[in-house]
Amino acid sequence: MTSLLIGLFLATLIVALFTMRLYRLILWYSLNSLTLALLAITIGINIDDNAMIISGFLTLVLKAFLIPYILKRVSIRFDLSRQIEPNIPVHYSVILVPALLVFTFYLSEPITNMISSNTNDVAISISALFLSLLLMMEHRNIAPKIIGFLTIENSLFLLGTTATNVMPMLIELGIFFDLLMAIVIVNLLFGHDDEEVAE
Amino acid sequence: MIYLLLLPAFIMLVLSFWNLEKSKFVLPATSLLILYPSIKLFFLPKPYKIWGEYLVADDLSAYIMLVSSIVAISVTLAVSTLGLHVKISNNAYVKFYRFFALFWIGLTLSIVANNMGIYWIGLETATLSTVYMIKTNSTVMARKEAWNYMIVGAIAISLILFGIILIYASAKPILGERAIDFSALLLNAKQIKSPFLFEIGFAITTLGMFIKMGFFPMNLWLANIERASFYPVAALFSGILESAVMIGFFKFSRIASVVNSAHVFIFVFIYTILTIFIVSFLIYRAKDFMRLFSLSGVEHMALIALFWASGGVFAALLHFGAHAFLKPALFLSTGILESRGKYRIAGALRGYSGIKGKAFYFLTGIFLLAIVSAPPSPMFFSELYGFASMVELAKTNKHLLLMISAIILLLILLSIIFYKFIEIYQSMKYEGIEKKKVVYGNEVLALIIFAVSLIALLTPWSFEFLRGIS
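Protein sequences appear in the order of chains Z and C.
Using this note's numbering, the first residue of the first sequence is number 1, and each one after it goes up by one.
Using this note's numbering, the first residue of the second sequence is number 1001, and each one after it goes up by one.
Accuracy of the hints is not assured; some may be wrong.
Below are the SDA-like pairs computed for lysine to any residue, each with C-alpha atoms no more than 25 Å apart in a straight line [what the hints assert, rightly or not]:
hint	chain 1	residue 1	chain 2	residue 2
1	Z	K145	C	K1087
2	C	K1193	Z	Q83
3	C	K1087	Z	N187
4	C	K1190	Z	K145
5	C	K1144	C	N1219
6	C	K1287	C	K1049
7	C	K1046	C	K1190
8	C	K1190	Z	I47
9	C	K1420	C	I1469
10	C	K1049	C	L1035
11	C	K1398	C	I1416
12	Z	K145	C	I1273
13	C	K1040	C	G1052
14	C	K1144	Z	M1
15	C	K1172	Z	I47
Just so you know, these hints were derived from the structure itself, not from any lab.
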């Protein structure tokens, strides 16, 4: 079950890289967060860790539903462009993404050799991190860059879960708080632009 | 203690929701409240547990807390007349303070954190709140740079978290959940079973911190942001935010040195020399004050990291304190010199009359000379001690010739910077036409606070205290 969810996590991220419509990208981010939440809940149940289960539910509520909802509201309110063509053409990305995956697996080998359990999961987390960075860099529009930032957070959460068998609860809560604050800031930045235009 | 440390920021946060004309005078006064807990923390026996094992103050964090508090007080003092130099609405004023309060909360947590996670959370909070502080300047350039900061800051901060996760994973088998504590890691660094994983984590974390400080290859992004935002934001960046990043570097590298000191030194040595090499030429080509001081800040941060990694703790901390006072002072002076956006380097220091004007003229000139290490600036001494520590280190590992070559290269690069600053100083003082300019009492007072703090750094008592930090 864990392997299936990690696979789905990676798959949703890869599809997000090829997406050229904003709402579809938000949907893929939401599904990416959903698989992450289910993964955290499953691992939490398997190792009987209540903190992990709580983190999973928080991920479900905040990242899978609340943040995508806010992002969609922001994009409607400020009339953001829904066409988000990436700088790297899709036919190049088709080659680039698998190459990046193989490269990161190779690159992360010395790290995974040091970790006794979940080695493949750790390698996938590191690959996901690189793919999220690619998502952030390949777009010129600001909205996909924000989603790139949010998927980086998801990849780091996955890495924290797989490499360390759960980060301390306090840290997880802090990261959630910062994520919410980031969304508030994004909203304010767009909002302020709107006020200035009105003036 | 934690309540006392966070109280001024919380008061500021609450007051910022009242959009009153008077609030812009009450807000700077609030910042004075930080002085009491900072001084108290400075004199308490160390290590002092502020909040269990999560927030613990040692001599290093108490020193950085005190330095940051002085900078914060001086900057807020100067901010009250910001509207007389730049176009800013009352609403933007209070919003600036709202995010400054959040920034302050984040930085306080980062500075006194004994927990890598809390350190990261504090830094992330400060980074995000700065985004909106940049945006208080309502120009297209500031809007663009606020987004740029959000993106680059997010990448840097993500790298730091990535590294922290790897460090935690490397130490968890021996320390359990305590692997997240700086103090526990420092005590047990030798026992880490996978030092390679730890070192990879350290390298990635350091890379994130170096990006945040504008090191190679991200040399220009910080200069662009500081140019686009209002001058107090640039002062806060250089005086407090960079200090919080630097304390993280100090803490992480202290642990990494126990694991393998040679690796830490080589990594930092190559990175900082490369940074100073590029920055010195960028400084030579700089055509405005803000970029000049911003790039010079990158150079000083690289020197601090280099001295620290060479074992010159005293030199690094002295340089750190001097930079934390001098750079915000220069950014505030720049804001006054560039009043209403009209500035030229030629004759910039001319036209100031009266006691306040003369004091401003004198202090700005002194700060300009002090930042390029003209004696008796604390930077002059810190560089002497820093280079001496590099030579001492080379003696122990038989690479003396290589180290002396590196020092000579550094001195050549520093002389390029020195030449540029002296050229600008002379142009500001002797060239151009003389026009009547205004400076306000609170701004001169802020500069006097910085000057007094710099003198205090040079006292034997300060030297003794800094030498006691290991």
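So, going through the hints one by one against the coordinates:
At roughly 31 Å between alpha-carbon atoms, Z:K145 and C:K1087 are farther apart than 25 Å, so this suggested pair is violated. Of the supplied pair hints, the one linking C:K1193 and Z:Q83 is violated, its CA atoms being roughly 50 Å apart against a limit of 25 Å. Of the supplied pair hints, the one linking C:K1087 and Z:N187 holds, its CA atoms being roughly 24 Å apart against a limit of 25 Å. For the hint pairing C:K1190 with Z:K145, the CA-to-CA distance comes to about 41 Å; that exceeds 25 Å, so the pair is violated.
A C-alpha spacing of about 18 Å is found between C:K1144 and C:N1219, which places the hinted pair at or below 25 Å, so the restraint holds. Using a Cα cut-off of 25 Å, the hinted pair C:K1287 and C:K1049 is violated, with the two alpha carbons roughly 47 Å apart. The straight-line distance between the Cα atoms of C:K1046 and C:K1190 is roughly 24 Å, inside the 25 Å bound, and the hint therefore holds. For the hint linking C:K1190 to Z:I47, the alpha-carbon distance of about 30 Å lies beyond 25 Å, and the restraint is violated.
Between C:K1420 and C:I1469 the alpha-carbon distance is near 34 Å, which puts this suggested pair outside the 25 Å criterion. Straight-line distance between C-alpha atoms of C:K1049 and C:L1035 comes to about 19 Å, which keeps the hinted pair within the 25 Å bound. The straight-line distance between the Cα atoms of C:K1398 and C:I1416 is roughly 30 Å, outside the 25 Å bound, and the hint therefore fails. Restraint check: the Cα-Cα separation between Z:K145 and C:I1273 comes to about 32 Å, which exceeds 25 Å; the hinted pair is violated.
A C-alpha spacing of about 18 Å is found between C:K1040 and C:G1052, which places the hinted pair at or below 25 Å, so the restraint holds. Between C:K1144 and Z:M1 the CA atoms are separated by roughly 44 Å; this puts the pair beyond 25 Å, and the hint is violated. Restraint check for C:K1172 and Z:I47: satisfied, since their Cα atoms lie roughly 16 Å apart, inside the 25 Å limit.
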